[in-house]
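Trainee: These protein sequence lines are chains Y and G, in that order.
My numbering puts the first sequence at residues 90 to 551.
My numbering puts the second sequence at residues 90 to 551.
To be clear, the hints were calculated from the coordinates, so they are not data collected in a lab.
What you are looking at is a predicted structure, and each value in this text was computed from that prediction instead of being measured.
Hints may be right or wrong, so weigh each one.
[Claimed, not checked] Here are some chain Y residues pointing at chain G (derived, C-beta under 10 Å): (1) H106; (2) A151; (3) I259; (4) F318; (5) Q352; (6) M357; (7) Q424; (8) I430; (9) I469; (10) T529.
Don't be surprised by glycine CBs; every beta carbon is placed ideally from N, CA and C.
Protein chains: 2
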Amino acid sequence: MEMTELREELIESIEAHYEKRELSEIKLILSELNPADIAEILEDFPDNQRLLFFRLLSKEDAADTFVELDPDIQESLIHKISDTELREVLDELYIDDAVDIIEEMPATLVKRILKNTDSETRRSINALLKYPDDSAGSIMTPEFVDLKKGMTVEDAFKRIRRTGVDKETIYTCYVTDESRHLLGVTTVKELLIHDYDDIIEDFMETNVIYVNTLDDQELAAQQLQKYDFLALPVVDMEERLVGIITVDDAFDVIQEENTEDIQKMNAMLPTEKTYLKTSVFETWKSRFPWLLLLMVSATFTGSIITGFEEKLKALTILTAFIPMLMDTGGNSGGQASVTIIRAMSLGEVGFRDYFRVIWKEIRVGFYCGLSLAAVNFIKIWVVDKTLFKNDEITLLVDLAICLTLVIEIVFAKFIGCSLPMLAKKIGFDPAVMSSPFITTIVDAISLLVFFGISSAVIPGLS
Amino acid sequence: MEMTELREELIESIEAHYEKRELSEIKLILSELNPADIAEILEDFPDNQRLLFFRLLSKEDAADTFVELDPDIQESLIHKISDTELREVLDELYIDDAVDIIEEMPATLVKRILKNTDSETRRSINALLKYPDDSAGSIMTPEFVDLKKGMTVEDAFKRIRRTGVDKETIYTCYVTDESRHLLGVTTVKELLIHDYDDIIEDFMETNVIYVNTLDDQELAAQQLQKYDFLALPVVDMEERLVGIITVDDAFDVIQEENTEDIQKMNAMLPTEKTYLKTSVFETWKSRFPWLLLLMVSATFTGSIITGFEEKLKALTILTAFIPMLMDTGGNSGGQASVTIIRAMSLGEVGFRDYFRVIWKEIRVGFYCGLSLAAVNFIKIWVVDKTLFKNDEITLLVDLAICLTLVIEIVFAKFIGCSLPMLAKKIGFDPAVMSSPFITTIVDAISLLVFFGISSAVIPGLS
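Here chain Y stands alone, though its shape is the one from the complex (with noise of 0.2 Å):
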């Protein structure tokens, strides 16, 4: 809340100065701020005045503000600045980050745009390119501090002054070979606690962990978290060091992630963009295939209850109790579904805990669905029964709905587990598997189960 205020504050002071010409104190302004600020306050201002303030900034600030900004707010900038200020922006943007913005830009732009970076920039931005969305090579930056074994401490921090202002990370450094095998990896701290003429070789960590370009970019983050790593090295098929994902990338992607794993769980498509950001129709695009999806499915379940329709017009009091038994499967069993599914996306859960997955869930249903029912029986008994007193309640009903809530739960808890484990290992993505689809299928079997307790046990609707 404070920093919106603040933002709003600044952004009047801006707009202030802008009416009275006084381009230089608005200069002044931008120029104490972060970058990721800049963009915020960028962001709401007309295309031209933006023009203007982003034409003020220091060449660093002006690309690490670029950066920062939405893909359509980059899109018309490009579009208005001159080829020289293109080049000064992307001069100064990490190899990773020029990747992303070409990659939301439309194809006329991107030839614009590869036509003002150095031939060894263009190169390096096409093999990223190539690699697949969401693989780790597709999140990895090819500038980063490589030294060689015999280098002495000396050696290397003259090679991280000389080469080390343009990347984006020098804090992690990895020793290669001549063709750029990785033989280990060191860090700035360990080579200001060793002396000027120790060997690098000597003391640098040889169990390097990495990972491969084509691995996915969530497995990366997760090592990256795992390892509490700054950088995590990234080599190719003939496990050459090609590039390194840096910690801040890995951040972005486990938010991602999260999001779209939000999406998923709870029937939606994947959006890319932020809600406010996002219009109408992509919203609408993004929720309707569920929406129909689970429609069309629980008509299934209203054809169950037309099935059953006889018995319902000798008791009706029974159609009362439908909700309650659906919405309790169907919460039950989202439960344990988004459990598992968030369990196995942080990889506390795989495949092999199945059984101990199952044995577990079946035993809380177990004890979940006793304790509902027990206050299920007791609230039907005073409040429906003796208070209201409907007559069509007997010690029979009571029970016949109570022994369902403990045997849907139970249900509800064995598919909610199920199902995403199952899809994993047979190679789709668990989320989908999640509360509403869940519910569907445990909404049919409740129901099934009811009318099925209820014929058995209540005399005159065998």
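Given the coordinates of chain Y, assemble chain G onto it according to the supplied hints.
Mentor: Relative to the frame of chain Y, chain G by itself:
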């Protein structure tokens, strides 16, 4: 999958060496692993073997591995090791890690742990223990590199070399005055770029972004991510620098908060342990309260049906559409609520966007409703009426169902986006205003709309 296989191979080979009492071989295997991996392997062995293997680790590895172990395993290890061994582990720990461990231990062990730390560390630990759970202060570490503004680059490197070994990160250095007020910040990268006799004050960044000890840890993590920092300074009420939060801790906070949000969004109380470590009873405890609350709420939905009982008897086919209408309403509302909760937790949407969000959701709801109603209208007419020759279905019945769909979905989207925003506004956690809760409310509204429209439109029901 590969990782798991690798780990299992390692465990088998350690077991084989253990049977032949080849402890030096085991020592060699362990010494080549990363502490995070050693911890995973140790957790697979029984207490006595674990202690034996733990004692094979180097001092530094022992401490780093200890941090990665589960709290209950840490506890049993502390019980078994001598005071000397405990002191060695504690000496190597970063203070924030020591605090994390202490927070999970029973009081008697805490005493023993504190007794085995030097008085300065003990003071720091006690100070950190006082910060509220989930505050920035509770996850910070007081060990950081502080410089004075008059220092040269050479002085700075000398200081880092002398004091840096024990710091969790040395890459971000903070410039403070005599009363520990934060004057500026610089990085080792900056230091390496500058000449040895440059003065820190001349190039340090003075616009420092920081958080307060009492700020939410999630805010701190978000700031760190937004600005791509490796560490974020934390100041006390008097604006004195008291600690820093490192990126690896921020990473963990984000994952924890995501898990917590996902649990709350799906009607569970948050649990801190991983899935397989949570007992059946604890899992039951986290799931039962919400199931109970939602079950009781759903009985109100049931009583809406009871109130309409007589009319349902006259036209039983309506009952068959209740599951479809309830599920679709619930899913639509759930989509909206989850989207908004996530957007709020990522800081993309705030209460200032309230009307913009509602207006968007109403339109999305209208289009979703319209498209689903169209599909449904045709399906009822072609499948239910023509194919299955259900005579109860008339044009007006079909219309009543489809009109209900449109209205309920608009309502569901409106409620789904409103409740989380309002909850946050009045200080509640928006995540609990999620699918299951929204479903229950939308269920009741859907039925009221359905019965209302049916009564109005279908002759013989009014």
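Trainee: None of the hints should be skipped; say for each whether it holds.
Mentor: Tested hints:
Nearest Cβ of chain G to the Cβ of H106(Y): about 18 Å, over the 10 Å cut. The hint is violated. The beta carbon of A151(Y) is not positioned within 10 Å of any beta carbon in chain G (closest approach about 17 Å), and the interface hint is therefore violated. Look at I259(Y): its Cβ gets to within about 5 Å of chain G, closer than 10 Å, so that hint holds up. The interface hint given for F318(Y) is met, as the beta carbon of that residue sits about 8 Å from the closest beta carbon of chain G, less than 10 Å.
Look at Q352(Y): its Cβ gets to within about 7 Å of chain G, closer than 10 Å, so that hint holds up. Interface restraint check for M357(Y): the shortest CB-CB distance to chain G comes to about 5 Å, inside 10 Å, so the restraint holds. Satisfaction of the interface hint for Q424(Y) is found here, the shortest Cβ-Cβ separation to chain G being roughly 5 Å, below the 10 Å cut-off. The beta carbon of I430(Y) is positioned within 10 Å of a beta carbon in chain G (closest approach about 8 Å), and the interface hint is therefore held.
Taken as an interface hint, I469(Y) checks out: its beta carbon lies about 9 Å from the nearest beta carbon of chain G, inside 10 Å. Against a cut-off of 10 Å between C-beta atoms, the interface hint on T529(Y) holds, since the closest Cβ of chain G lies about 6 Å away.
Checked against the numbered hints given earlier, the structure breaks hints 1 and 2 and satisfies all the rest.
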